[in-house]
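Between the sequences and the hints, there should be enough to build the whole structure, so can you do that?
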Amino acid sequence: MKRVCAVVSFVILVMGCLALAQPCAAAEAVKLNLLERYTSPERTAFIKDVVKTFEAAHPNITINVISPPFDQAEAKLNMMINAKEPLDIVEISNLTIKQFVNNGLLENLESRIASWPDAKSWLPLTFSAARFVDNTAYLMPEFYFIKALFMRTDVLKKLGVDTVPTTMQQLYDLSKKITKPAANQYGFAFRGKGNPYRTSDYMILADLPNVDPKNVYRTTDGKLVFEHSQFVKSLKAYIELFKTAVPPDGINWGFSEQVNAFASGVAPLLIQDPDTVALVDRQIGRDKYTVVPMPLGISGKTYLDYGFGGLAIPSYSTNKDAAWEFMKLFSAPKQNAELCKKYGPLPTHAVTYKEDPYFSTGVYKAWAVEMNTPDKYTFVRFPTDSPVFPGWAQVQQQSMQATLLGQITAEEAAAKWAGYWK
Amino acid sequence: MGSGKVLILFFYLAFAVMPLYWIIITSLKDIKEIYTFPLLYFPSQLGLESYRKLFSFAKFGIYFRNSLLVSALAATGALIVCLISGFGLSRYRLKRSKKAILLGLYFTQMVPGFLLMIPLFTMLSRLRLTDSLGALIAVYGMTVAFGTIMSKSFFDRIPVSLEEAALIDGCNTLQALYHVILPVSLPAVVAILSFEFVGFWNELFLAVMLLSTDTNMTVPVALNSFISKSGVEWDVLSAGLVVALLPTMILFAIGQKFIIAGLTEGSVKG
Amino acid sequence: MLMPALLLLALRIYLPVVQSIALAFRQYNLLNLSNTGFNGLANFRAVILDPNADFLRILLNTFVWVAGSLILQFVLGFTLALLLCKPFPGRGLYASCVFYPWAVSGFAIGLVWSWLFNGQFGLVNDVLMRLGFLAHPIGFLSNPRFAMMSVIVANVWYGIPFFGIMLLAALQSVPRELYESAEVEGAGKIRQLFSVTIPCVLPVIVSTTLLRMMWIMNFPDIIYGMTDGGPVNSTTTLAIQMINRTYLEFNYGQGAAIGVIIMAIQFTYAFIYLSVSSRSEIEL
Numbered sequence: 000m001k002r003v004c005a006v007v008s009f010v011i012l013v014m015g016c017l018a019l020a021q022p023c024a025a026a027e028a029v030k031l032n033l034l035e036r037y038t039s040p041e042r043t044a045f046i047k048d049v050v051k052t053f054e055a056a057h058p059n060i061t062i063n064v065i066s067p068p069f070d071q072a073e074a075k076l077n078m079m080i081n082a083k084e085p086l087d088i089v090e091i092s093n094l095t096i097k098q099f100v101n102n103g104l105l106e107n108l109e110s111r112i113a114s115w116p117d118a119k120s121w122l123p124l125t126f127s128a129a130r131f132v133d134n135t136a137y138l139m140p141e142f143y144f145i146k147a148l149f150m151r152t153d154v155l156k157k158l159g160v161d162t163v164p165t166t167m168q169q170l171y172d173l174s175k176k177i178t179k180p181a182a183n184q185y186g187f188a189f190r191g192k193g194n195p196y197r198t199s200d201y202m203i204l205a206d207l208p209n210v211d212p213k214n215v216y217r218t219t220d221g222k223l224v225f226e227h228s229q230f231v232k233s234l235k236a237y238i239e240l241f242k243t244a245v246p247p248d249g250i251n252w253g254f255s256e257q258v259n260a261f262a263s264g265v266a267p268l269l270i271q272d273p274d275t276v277a278l279v280d281r282q283i284g285r286d287k288y289t290v291v292p293m294p295l296g297i298s299g300k301t302y303l304d305y306g307f308g309g310l311a312i313p314s315y316s317t318n319k320d321a322a323w324e325f326m327k328l329f330s331a332p333k334q335n336a337e338l339c340k341k342y343g344p345l346p347t348h349a350v351t352y353k354e355d356p357y358f359s360t361g362v363y364k365a366w367a368v369e370m371n372t373p374d375k376y377t378f379v380r381f382p383t384d385s386p387v388f389p390g391w392a393q394v395q396q397q398s399m400q401a402t403l404l405g406q407i408t409a410e411e412a413a414a415k416w417a418g419y420w421k
Numbered sequence: 000m001g002s003g004k005v006l007i008l009f010f011y012l013a014f015a016v017m018p019l020y021w022i023i024i025t026s027l028k029d030i031k032e033i034y035t036f037p038l039l040y041f042p043s044q045l046g047l048e049s050y051r052k053l054f055s056f057a058k059f060g061i062y063f064r065n066s067l068l069v070s071a072l073a074a075t076g077a078l079i080v081c082l083i084s085g086f087g088l089s090r091y092r093l094k095r096s097k098k099a100i101l102l103g104l105y106f107t108q109m110v111p112g113f114l115l116m117i118p119l120f121t122m123l124s125r126l127r128l129t130d131s132l133g134a135l136i137a138v139y140g141m142t143v144a145f146g147t148i149m150s151k152s153f154f155d156r157i158p159v160s161l162e163e164a165a166l167i168d169g170c171n172t173l174q175a176l177y178h179v180i181l182p183v184s185l186p187a188v189v190a191i192l193s194f195e196f197v198g199f200w201n202e203l204f205l206a207v208m209l210l211s212t213d214t215n216m217t218v219p220v221a222l223n224s225f226i227s228k229s230g231v232e233w234d235v236l237s238a239g240l241v242v243a244l245l246p247t248m249i250l251f252a253i254g255q256k257f258i259i260a261g262l263t264e265g266s267v268k269g
Numbered sequence: 000m001l002m003p004a005l006l007l008l009a010l011r012i013y014l015p016v017v018q019s020i021a022l023a024f025r026q027y028n029l030l031n032l033s034n035t036g037f038n039g040l041a042n043f044r045a046v047i048l049d050p051n052a053d054f055l056r057i058l059l060n061t062f063v064w065v066a067g068s069l070i071l072q073f074v075l076g077f078t079l080a081l082l083l084c085k086p087f088p089g090r091g092l093y094a095s096c097v098f099y100p101w102a103v104s105g106f107a108i109g110l111v112w113s114w115l116f117n118g119q120f121g122l123v124n125d126v127l128m129r130l131g132f133l134a135h136p137i138g139f140l141s142n143p144r145f146a147m148m149s150v151i152v153a154n155v156w157y158g159i160p161f162f163g164i165m166l167l168a169a170l171q172s173v174p175r176e177l178y179e180s181a182e183v184e185g186a187g188k189i190r191q192l193f194s195v196t197i198p199c200v201l202p203v204i205v206s207t208t209l210l211r212m213m214w215i216m217n218f219p220d221i222i223y224g225m226t227d228g229g230p231v232n233s234t235t236t237l238a239i240q241m242i243n244r245t246y247l248e249f250n251y252g253q254g255a256a257i258g259v260i261i262m263a264i265q266f267t268y269a270f271i272y273l274s275v276s277s278r279s280e281i282e283l
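Chains F, L and E, in that order, are what the protein sequence lines are.
The opening residue of the first sequence carries number 0 in numbering that gives the first Met the number 0; numbering runs sequentially from there.
The opening residue of the second sequence carries number 0 in numbering that gives the first Met the number 0; numbering runs sequentially from there.
The opening residue of the third sequence carries number 0 in numbering that gives the first Met the number 0; numbering runs sequentially from there.
In case anyone wonders, no lab produced these hints; they're calculated from the structure.
Possibly wrong hints are sitting among the right ones.
To be verified - Lysine-lysine pairs mimicking DSS-like chemistry, simulated, CA-CA at most 27 Å apart: (1) K30/F with K58/L; (2) K188/E with K4/L; (3) K175/F with K119/F; (4) K364/F with K31/L; (5) K327/F with K119/F; (6) K51/F with K52/L; (7) K375/F with K353/F.
Next up, the structure:
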């Protein structure tokens, strides 16, 4: 019995010490907590530099940068914000912002943005991104992930290819042409695992003429894309691509494997986001590859998802004004351009594309074209509002794999997907 | 030693070491040689660039120190509780409640940790115990079920007569445990301590959820942060894995001496 | 003497578990937290009858995953422990090298082994082809027939040291005299194994196999790192499905329901296992 009391007292003592160890908030000093979601070591270093600049200009504010590893960041964000842990600036992804708004966890930033001069230089796309949910600005977009086509110029040259595919059909044909399995040469760096829908669906839907920009899985007349007469044909072409230009192992290729296939030359054609540029630069060097805009479908158009991340303020934060001060600095054209140069994705200010040669020439030119040719490149959204959206990634992955392996037919797959979204 | 035995031992070793060889080689390769095809078993040059990057850019030293502190303290604390409880459970007389307690201990292992995370985090958040290494040590240290179950099963094989002799001589139960039983069960104690340490050393999910401030992070969290949206940074990650393996390998190396030592002397005379 | 342990566990596990179990019977989807009422067995029904995730398949996968990994690890680990019982030159160094897999971080195992099993750049394919066993590389992780085998191999690699070390420690307490008297009675090595060794280390065998079974069932890191549950759900187990529901789909209610199913299966198994094994134990 005495022992029990001793143990219990000890435990309580320890917990008490820990509780007391929390620093008291001084009267004027403000401590902000910033939570990253698209964590990467290089980017965190950049954010900390900006924080240093900010703290020097605002001596009474300190910012604690919380950088959970990318794989767990979303879970940690969820847990912290739902438990109302002290957070003042959070990074939100376009794929999950809906639930935070639904639960009233984010601050409405419309009035703040209205009085922010730098908002004038935002791209129209940036305003759409900011107002992604309920047409109200709940976050400050920081960068875009938009797909384009990466090509290994050196490998293709060696294989005697000097054309650039401008349509999906040309891309498929080129991939098949250069494939020689005996020499371990394949065409396309396939994405088989880990949210493959973000690549496959766009490649297939490019052939449809009237996809609804508000919901990529519906056409402008309200019907589901899976029931469109062209869908099954395009799906079959995609399956054909897998069978003739991708090694069978490709069905299990996640991000690392597809980029590795590209970097090693095994598959010299890759569809990926701009942050892959920095990675591929490190692995093979800028001189060995180039980037071109996404190929167009039969319709003469192609559809692009504009994935983005942005900063938001939790509704329960007690330091909203200080948080907004930092966000203004971080989202200013200069800092935004720097961030995107270091981290890779696309900046949010129109002025950056016009004045900064980094983003208007070289490999980034492909994206500049995509952003500025609306009749060919239409930006569309995933139906993130739908309650069945979170489950779609797994369902699509497993059923697409079944289709690629021939376990179900393309028609069955299309019917299954139509049934899911009804 | 028969050649059959040698062959089998060789296969065990080859199977175990193959991935380690791969990790070590990758950590020593130049970054451009990591992603080549065909595979490079013997890179053209060996360099410590990845390790330099690990300790300067990634400040791995801090996380290493944190993990050492957390794992050592939690493992020692848990071990003490486990040995005492395991002994108590082993010598417990009431059959039915003994089985119930045992089942209850196993129950704690049945709960998927990922599920437990949500209410646990909410609880700790309310107590303002998040983002503190002390809280992490406490939470780790409280996972005493494994050690208790294992201690009990080891103590089950030690005859009661051993401590009865000590008790007659005037020791109380704890003293009997310390002076008589533990020396005889040194292999078990070392084995359990090793596993506790390794378990805490490698624990990722709880550490990520509870810790926020940069300087509080532990080794698995640091290793996992080399994986971002743009893939795995294999150069730093493999270097980090090699460094992270060192304490645990050393622990196993020292530990196995104690585990095997028992054979020559410690046969229990009944 | 047991009080400290039970008290700590109450705080750390039992209390949160009650809340987790309660979640299973509530509607709790992060997408819409305004509606979190008690909804009876709706979560369980949704999980079991989900048209997009064949529940029977998941149960079967879980069974194969657990049974396959456990039996292989145990047999190989026990054999290793027996081999290490008698001294030989370099035994200490050998033991340190062969036991290290348990020390590798969980997530890293999946990562490393998925590279080793890669159909294009993988070491396993390369070695097998060089040794002449294979003519063409196999897609270990992309072929539904091989995927489960491959993740089990990675799990076995990881788990052998656990049994090796624990059983080696247990073997130390087997009294020499029992072996000697068995030999005098003319029992061969195999006979000795079954009549002397195993009964003596039985408590440790029971606890290690039961614990490891639960850990294998509950930890999806290896499968996640290697196949993400695929291809075509061939490696999706209950734990994977639970993670999907909880952390990818934010449906805590359904995730908790799967958790309750997992716990129920394990509890039943543990109850039967402990009852059966306690009958053959000398005390208890």
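Evaluation of the provided hints:
For the hint pairing K30/F with K58/L, the CA-to-CA distance comes to about 24 Å; that is within 27 Å, so the pair holds. In summary, the hint linking K188/E to K4/L is supported, as the alpha carbons are separated by about 14 Å, within the 27 Å threshold. Using a Cα cut-off of 27 Å, the hinted pair K175/F and K119/F is violated, with the two alpha carbons roughly 46 Å apart. Taking the CA atoms of K364/F and K31/L, the gap is near 26 Å; set against the 27 Å cutoff, the hint holds.
Between K327/F and K119/F the alpha-carbon distance is near 13 Å, which keeps this suggested pair within the 27 Å criterion. Distance hint between K51/F and K52/L is fulfilled; the C-alpha atoms sit about 22 Å from each other, no more than 27 Å. The suggested pairing of K375/F with K353/F holds, with an alpha-carbon distance near 20 Å, which does not exceed 27 Å.
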